[in-house]
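**Student:** Chain residues, written in single-letter form:
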Amino acid sequence: MTLLNVENLCIDIPGPRGTLHAVRGVSFHVDKGEILCIVGESGCGKSLTSHALLGLSPRVAQVEAAAFSFDGTDLRRLSERQWQGLRGQRLSMIFQDPMTSLNPSFTIGALLIEVYRRHHPGPRGKARARAIEILRKVGISNAEERLDQYPHQLSGGLRQRVMIAMGLICGPDLLIADEPTTALDVNIQLQILRLLQDLKRDMGLGMVFVTHDLGLVARFADRVAVMYAGRIVETAPVAELFARPCHPYTRALINCIPAPGKTRPGAALGAIPGVVPSLVGPQAGCAFRDRCAHATPLCQTRLERRHDGAGHAYECHYTPEETAA
Amino acid sequence: MSDILLSARDVRRDFRVSGGFGKPRRTVQAVRGVSLDVPRGGVVGIVGESGCGKSTLAKILLGLDAPTGGEVRFLGQPIHAMPRAERAGHIQPIFQDPYLSLNPHKRVETIIGLPLRVAGVAEREIRARVGEMMELTGLPRRLAGAYPSQMSGGQRQRVAIARALISRPELVICDEPTSALDVSIQAQILNLLQELRAELGLTYVLISHNLAVVEHIATEVMVMNRGEVIEHRPTAELFAAPRSDYTRMLLASILTPEPGKGLPDIAFQPA
Chain F
61 MTLLNVENLC IDIPGPRGTL HAVRGVSFHV DKGEILCIVG ESGCGKSLTS
111 HALLGLSPRV AQVEAAAFSF DGTDLRRLSE RQWQGLRGQR LSMIFQDPMT
161 SLNPSFTIGA LLIEVYRRHH PGPRGKARAR AIEILRKVGI SNAEERLDQY
211 PHQLSGGLRQ RVMIAMGLIC GPDLLIADEP TTALDVNIQL QILRLLQDLK
261 RDMGLGMVFV THDLGLVARF ADRVAVMYAG RIVETAPVAE LFARPCHPYT
311 RALINCIPAP GKTRPGAALG AIPGVVPSLV GPQAGCAFRD RCAHATPLCQ
361 TRLERRHDGA GHAYECHYTP EETAA
Chain D
5 MSDILLSARD VRRDFRVSGG FGKPRRTVQA VRGVSLDVPR GGVVGIVGES
55 GCGKSTLAKI LLGLDAPTGG EVRFLGQPIH AMPRAERAGH IQPIFQDPYL
105 SLNPHKRVET IIGLPLRVAG VAEREIRARV GEMMELTGLP RRLAGAYPSQ
155 MSGGQRQRVA IARALISRPE LVICDEPTSA LDVSIQAQIL NLLQELRAEL
205 GLTYVLISHN LAVVEHIATE VMVMNRGEVI EHRPTAELFA APRSDYTRML
255 LASILTPEPG KGLPDIAFQP A
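Chains as they are written, first to last, in my numbering: chain F, 61 to 385; chain D, 5 to 275.
What you were told as hints is all true, and nothing was included just to trick you.
Subject to a maximum C-alpha distance of 30 Å in a straight line, what follows is the list of computed DSS-like cross-link-like pairs (lysine-lysine): (1) D:63 x D:27; (2) F:260 x F:92; (3) F:92 x F:186; (4) D:265 x F:92; (5) F:260 x F:186; (6) F:322 x D:265; (7) D:63 x D:110; (8) F:186 x F:197; (9) F:260 x D:265; (10) D:265 x F:197; (11) F:197 x F:260; (12) F:197 x F:92.
Note that these hints are calculated values from the structure, not bench results.
Only chain D is shown next, with the shape it has when bound in the complex (with noise of 0.2 Å):
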């Protein structure tokens, strides 16, 4: 249990970007040396506000975005050095928004099996694949030639999660998989992630802003500020016992279903 898939030491991210018309280009420093380890079949919540660098550290753990510094390895290997297939074997993505991370073109069977179109299976195993993807994920199978656009939300997420996991991926990097989704569907796509990491032996970085979501499905839960790591703790001693203002000030935020406590009393600095 305590062997670690994917491990990242120091990881930076600078960006170059505009200072504005006819002012100096600058630097903003996205992900500010972060380490992680991501021990096998565990699953690491990641958590933050808007900018603090979680979807930039999830691409580079992704290998789609190289680090300006550090290192990331799975099993052992650094995975910006590994070829292009065989890092897609190992981890895949679950993107938030399923009406943008589907191409609309494609009919579902296609965009499904793409992973192993890619990494040369026959065509006649991709289509037994599929079909066994689709029944895993709940999709019904006269949903193999419709198009993303006659799909509800929920079943597009369901095809997004089928294409993550046709490839047999030991990690998947979910960047808030639910957060586009409604609560019903927010709910069955939760337990599904369950069942299918419980089913499959599945590890899962889980990127959200919605610490509930985080609570419910994280064995860990690293959160973030700035692009720095400000706590990395078990999700239930994390809960009980936040160690730092920024995460005691995060965990106060949620607002939970009890009617009667009203709104919480927190203090804020202006933006």
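Excised from the complex, chain F in its bound form (with noise of 0.2 Å):
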């Protein structure tokens, strides 16, 4: 059942030099119990799409889109009144960043207890037990200790896992997660993902995951979305992507990052030659091709999207057996 549906998606920001073509036609679609991991580098729009599914884009940001629905309600048609019934409800975030992202004059069961009232209004014990029986999910032992603690009284890393108890304290179904565990040690990232793989596995959690970790993609996601430059270049399921990767720039991301037991130690890895171009004022044409060993005249002018009917999909004129090195 598809939970979240976006088709066409564009984020405009005008300013002084032109408009900023952020997001430049993004479509993709999450079911319930999938995750879908959205793979970027820094200004690929990743996170300006997170949040707009949230109904959170900057005020200044000009968002369209051909459709735009969660659960079968048109999210483009929600006053702010009805957005704020669906967030956090329904439809939940966890931010990137613990240290900013927490109100540090309140105590964590404060935090807690009031998102969970905003829904579920009732007697403050009950929300007190679901946010203990919320903090103990997320790894945390003395869950009682820890509700009448401030934020700075508390770890980045215990400080994300209450970020994320925020996210799941009133049962979502469909969680919206950017780079959540990016700050967090190895083992302690690997135990939030498993927590929320197995919120997917026994409520059904839908889940948009933006990361830039391709390890953590390959391990963790159903499905890839690889952006660049706004748009979304290639997707498909995760055994697929890794094994068969089509566009030019998801094969060279792939070769960029030191694999133990691939990579042979002190060998050159595959940096990727040049910088992301500028998204201001028009764009015609592929955005990677300045940076692409393989550009040709043709794709300055055109885009062409290629299918494969079993959903891979990616943005180029060439087969990767064309493209090959």
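These two chains come separately, so use the hints to put the complex back together.
**Tutor:** Here is the structure:
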């Protein structure tokens, strides 16, 4: 069952030197119990996309989409009040930075209970019990004690787990997570990922998981969307993407990461030359052409989207055989 | 090859911290008796979770912080007794965040040339060496007059590397040099560090929580936990057959890009 459907999402940000076309026609869908990972580097539009999914775009941004629905509800027509009823309840988000996303003047308990009671009016005691339950779930053992502590009394890893608990306390159907584990140690990251996977299995939680860590994607995602310069340049089921990456950018990205057992220690890694192009002003053709070894004049003017019919699509004029190094 | 550039013996560092409002101060032992030899030409990787004392150790090895106990020697000389300028000529740092470690009010050429200016080198020679260094680290000459805010993260980290190398140090201590960078930029910087090491005969101490990065460029790895050394062995050996449970747990947590394997299955203790 499709939980979230987005078609041709565009986010423009007007500026003094012209309009920044930050997200340029992004389409994807997430099913119940499915993890969609959006991978990309700084500035590719992945955070703007994930914020738009919650109606939290910056005020200056112009957001447009051909379709944008959550469980049958057209999100384009929601009033701010209706958004507030949905956010945190059925549609929830975990932000990237636990150091700045928790209000320092409230205790952990107050923060968690507020979220819960906003959507489930009722006695405080019930909300508190739920807060303790969810803190235990995210791997915090002395939960009762933690409820009375302030964010600054917790380590970064614990704060991030509190953030995750806030996102999960109402039992959402869809979770948008923007790099939720980037700042954590590897074993804590693993613990959080396992928790999210359990929720997916037991409660059918759907997820949009934004990250730049390809190792995490390989082990955690069901489907992957690779973003570059505001477009999804390739999307495929996870095993297919790593077995047969088709877009030159995806391939370059996979070659960039040192992988124990695969890359030879000390050997040069496959760096991508050049920098991401400016997205200010009118855009045409493939945004990766200036950094691509296989670019031809055709790439300057036109984009071509290829499908294999089994959920693997990419935007390149050439087949992977034609662009093989 | 086997001569020892830097050696630390039983280094300890205690911090007196507040126990909370109205409570007595207590002592945190950040580094508890670490001994370490850094061979010339080697890359010693230091790994461990946050709070294990690896950055405190880095500061001590740089001479920026004095140990509470123990001693650090550079080619036999105690570094904490060495004049600062002399020490800076031998050992230089590269820090994690190129957004924070570069002075935003200075131009790139000034930032890179500062170690030489401090050492009293003539202005003319400084200019020549800054140019040389920019070329070596892959920075276009036109950026010499730019400010850090006008540059990308990868370019800023190149500036930090150029600044570290301009005084021709023997040892560079890199504290998470790529963790603030995108993967494609991380690859560029790691490649650059490797090239520079071969070209200039450098020795690195590389502190990182990214085990894949450490496996890729370190020749030996020291694993730390709670301020103590858990294991210190050649990289290939340690990754092939970790001796302690702690190292095994760390290695098992690495998410290698192998779809189909799923998340590693290891047991945790709740925090």
